[in-house]
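Protein chains: 6
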Amino acid sequence: MAGRVVQNIARAEASVIDGLAHCGVATVHEAQGRIGLLASHMRPIYTGARIAGSAVTISSPPGDNWMIHVAVEQIKPGDILVLAPTSPCEDGYFGDLLATSAQARGCRGLVIDAGVRDIRDLTQMGFPVWSKAVFAQGTIKATLGSVNVPIVCAGAAIEAGDVIVADDDGVCVVKRADAAAVLKEAQAREAREEVKRKRLAAGELGLDIYDMRPRLAEMGLIYE
Amino acid sequence: MAGRVVQNIARAEASVIDGLAHCGVATVHEAQGRIGLLASHMRPIYTGARIAGSAVTISSPPGDNWMIHVAVEQIKPGDILVLAPTSPCEDGYFGDLLATSAQARGCRGLVIDAGVRDIRDLTQMGFPVWSKAVFAQGTIKATLGSVNVPIVCAGAAIEAGDVIVADDDGVCVVKRADAAAVLKEAQAREAREEVKRKRLAAGELGLDIYDMRPRLAEMGLIYE
Amino acid sequence: MAGRVVQNIARAEASVIDGLAHCGVATVHEAQGRIGLLASHMRPIYTGARIAGSAVTISSPPGDNWMIHVAVEQIKPGDILVLAPTSPCEDGYFGDLLATSAQARGCRGLVIDAGVRDIRDLTQMGFPVWSKAVFAQGTIKATLGSVNVPIVCAGAAIEAGDVIVADDDGVCVVKRADAAAVLKEAQAREAREEVKRKRLAAGELGLDIYDMRPRLAEMGLIYE
Amino acid sequence: MAGRVVQNIARAEASVIDGLAHCGVATVHEAQGRIGLLASHMRPIYTGARIAGSAVTISSPPGDNWMIHVAVEQIKPGDILVLAPTSPCEDGYFGDLLATSAQARGCRGLVIDAGVRDIRDLTQMGFPVWSKAVFAQGTIKATLGSVNVPIVCAGAAIEAGDVIVADDDGVCVVKRADAAAVLKEAQAREAREEVKRKRLAAGELGLDIYDMRPRLAEMGLIYE
Amino acid sequence: MAGRVVQNIARAEASVIDGLAHCGVATVHEAQGRIGLLASHMRPIYTGARIAGSAVTISSPPGDNWMIHVAVEQIKPGDILVLAPTSPCEDGYFGDLLATSAQARGCRGLVIDAGVRDIRDLTQMGFPVWSKAVFAQGTIKATLGSVNVPIVCAGAAIEAGDVIVADDDGVCVVKRADAAAVLKEAQAREAREEVKRKRLAAGELGLDIYDMRPRLAEMGLIYE
Amino acid sequence: MAGRVVQNIARAEASVIDGLAHCGVATVHEAQGRIGLLASHMRPIYTGARIAGSAVTISSPPGDNWMIHVAVEQIKPGDILVLAPTSPCEDGYFGDLLATSAQARGCRGLVIDAGVRDIRDLTQMGFPVWSKAVFAQGTIKATLGSVNVPIVCAGAAIEAGDVIVADDDGVCVVKRADAAAVLKEAQAREAREEVKRKRLAAGELGLDIYDMRPRLAEMGLIYE
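Protein chains in written order, with the numbering used here: chain S, 71 to 294; chain Y, 71 to 294; chain E, 71 to 294; chain H, 71 to 294; chain A, 71 to 294; chain U, 71 to 294.
By construction, these hints were calculated from the structure, which means they are not laboratory data.
Treat the hints with care, since some could be wrong.
No copy is singled out in the list; a pair is fine if it fits within one copy or between any two copies.
Stated by the list, open to error - In silico lysine-lysine, BS3-like type, Cα no more than 25 Å apart, as pairs:
(1) Lys254 / Lys268
(2) Lys211 / Lys266
(3) Lys146 / Lys245
(4) Lys268 / Lys245
(5) Lys211 / Lys146
(6) Lys268 / Lys211
(7) Lys146 / Lys268
(8) Lys266 / Lys254
(9) Lys211 / Lys245
(10) Lys146 / Lys266
Chain S on its own, in the form it takes in the complex (with noise of 0.2 Å):
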């Protein structure tokens, strides 16, 4: 089953991904109806990243990272590597070397659902990982896994090229094909955001903004 590498794989559009990229992920989640999160587990090395790119997926085993390598190669610019182990890991898969490398090749970050190392340096380089843990527990390469197959990182089913979107909320996917419509529907959230905003901050409630009292009666909140 392992072993597969596609090349050639289709991406959205870079001005959608960039798109998706400002709008957030708490934004994108909402847009495309609440769904795409990988777990809360996936934390961010630094803070204030905030990117989108098209996902270069990785299915390794535990332990080993030959097929990273093999990845970077079938980085486009924009990129972003999605590595989900074939049973739960947590060793530094991914280090300094790797990352200069892929960010040679304009990848934009890293999402891997096990550990990171060198974070240091990845830091000072401005190469953002969203990871399950931080360990500089070194990796061997010894068996095949695949590249730019589907898998399940971190609870989300994801497919190579769908839109990554990831900030220091965490980590969401948009379906490739549904890419533009949930930018639009974000980018119309995000209008619609701010007029409330500005309502808010002026002191206004939301129980009479979004009108819930009468709801709220209904169902028997009872003042004291």
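Starting from the known structure of chain S, fit chains Y, E, H, A and U onto it as the hints suggest.
Below, chains Y, E, H, A and U without anything else, positioned relative to chain S:
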């Protein structure tokens, strides 16, 4: 049982509350006899905040943030929202819009045994949150909870109007009726510690300052 | 069994220790054959510290920090305190007073498979700590433990005088007797990596630099 | 704060307590409005026990079981010991000797948010325990705690004399003053469920029995 | 996105499904190339069950079990319910009434990445459940989810009609289209293992049966 | 570093080992000064087993069980296999074939800080296992580890030939050189406990048997 909003809660003196904030979590916890800490999984979304305020408590169903809107109306300047879900949950109940609304009412922060999102925005707004998770997962508004009822949040029993102290070390609750006495003891403790700090900084040993050697010898400690 | 303090422990050469600090955790771990890492739950209270030092080990009962006072007397400049509780515990054994005392004796930091508090103060003092938890819970001084005996801390066997290396990637222990040889290999590894880093930065692929393609093909990797 | 033993606590009626045991945790939890559950990590050491009793509460330091001896004296036939450590701990506070003693006093079981040991013996004795861990780690007798004071155990606020119900589903607490009313509602619920069980067993659907189809359609459920 | 019920799903051959049940999880997992396992936190409520069936999938909001009622109508004899909450949850979605209903429709069991309750009753009924938690927490019926859509359950991607195999070792999913081939390979594997089992039971070593010695020597294994 | 097999290890006396098995984990742990326990996550796959044996230690890479085959050859009747992965792993290293082989060599059980599978078969064979997880995930045979070298397993330092005691309470290690003395103390402890058990069963209180009342009063315990 759910569906109650208690209004007009009693609060501690503002000067007492601010004094407790200045002492910080560790000192306040010690001053009241080593009680009141919330579990260590309650971590701040950014470092450096040190606040205290009166608890406006919220009991909410899992994945339902409706009651936060109800609670915001109950906020008085200097209050802190404290939310406990009715069963374990890490969904993102709270984000930048609710923070805008709470901040407009004078709220000093949020303590939530669940998830929070938009943490980049919250950081920029200077709205501190201590939470169990950072997670963008959206929530619904379908079921009643209660506001300003007694709750258990992250292992601590909290009543509306109790004083919440929160900083980089975590979160501590002080019973409203005890707040003034606890502050007095906390300040006394700070003064005592200042003396010890100077002696320790000068190289004196705790073994000598606290006269521990006789008791250690009596218990059988052997130097080899 | 408990109740022993071993004095006059052997330590590695200062220049070797400092060299290991410069190499960092990931490189040192690799240089000694991928051994010696403490578990990934050992996280620094602030980023950017990179230290090495001789271990002054502490075995303490849960919730009892008495032995830290005993251990502080055993510190020589350049040492690192390493504490393992005798059963799992996340109480705050260590805060700013003990840090003041330890720092006054020349201690470079603390590694503790339990909790730490006063992290704002510790950060301002520049006293780094790697811990399992940040937790303000106070501890007592009632039961003997031991100092400078062999311990297992966060899954790693550590003896007094072993070299502890700690940075943003976590914590690694090097056997005292191996320290010089490990440093030599670590420095050689750094030199080798520098060459690779330049080639990777220039866009060369790991697949080619490491000549991986024949072996991948032999194992059956298929490009689609 | 610690160091108190409250004697002569009030208890619910024996017949009410026994009735609640018969209804079981899930029914009692529902009958009182879905409150009172202890966290799901509280698991029985053997299956098949279903008990209820009045809580004799114990607040103990981590790794110190002294207060259990104090609490045993307070047991009246039909009581259940409920222990919460003052900070997270999984040490084995309780084993066959204490169980022998408690059982001799008429104790029906133990609920402990920490560890238990000698579970083979406890099983043979028919002394049920719900705990966070099975762990043989010994404990000391050095520091005071309290008996029959309000505690938070596994996330639930419990007062001495409250009714504890425990079975294979976990543990639930019923406020003493509510016990009779909760039993009445629990029994009514059981009767209602018996009717439904028969209809469901006969192949009728919940969709029809509860008349869910109109509401599902109204909310937009689509059958494809 | 939610609010869909797919009817008339395709299922694998009954004889294939039953054959897979007989082979068990470990063998089936191996036979299909070591894929398809659900996470190890999915544990059976009682030991000894070994089942296989066609997945009727359920995507449900946290703490809302409404869709299970919808799903029960879609059950055909031999099916297995498979529920994934839309965010992490351990509430007790399922108990004896739903089990009665499902069993009346011919359902063989439940796989749920959340909680289950009434496990004494379920055990007596012989209705096996593999779950993340045993927890009595009640759930509501307020929000739509979907039935027979693709889900990710405990880390595995599952589509309606896929074959679920579950026993004391956990849970494995087999793609419907692969089921017959996987069964064939699983049975071949069983036959091969039977031969090895006899040789091993007779005291032959795996080192010799699998001819491992030359390769171990080549890789440098040293006997001291 | 890896790649070593130490043969001809020393073992404790068979009668001592069997005596320790009879005493059980809790008593042995106490008898040697409350040391030697493995972490509480090490649980038996079935209840009722109580064994002791000499440790044949295995250090294995994550997801690679090759070294178990090497270790089986080193087993002498009465030994127990003890495996620690070189980084955290829960894959199923061990199943019924390896158990058949180990049992044929006289192995009494397995202690593994990782996963195990085929637990139905192992239960039927009466081959007990204490593990971190039950997980069917298959493992490879690609990388060397070592046999009979010192390891840290579930937090305990273990050397080949140390005595492993395991029962329903978990797992404990006794240093080979201490085994006879520990047995003696364990048996003395059992005798002392038998006396206490009878007094406690007769209703005497630990408060009186251990003469705790004066010390409790001295420390300030207040009866209300």
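Quiz item: Where does the structure disagree with the numbered hints, that is, which hint numbers, in rising order?
Solution: 4 and 9
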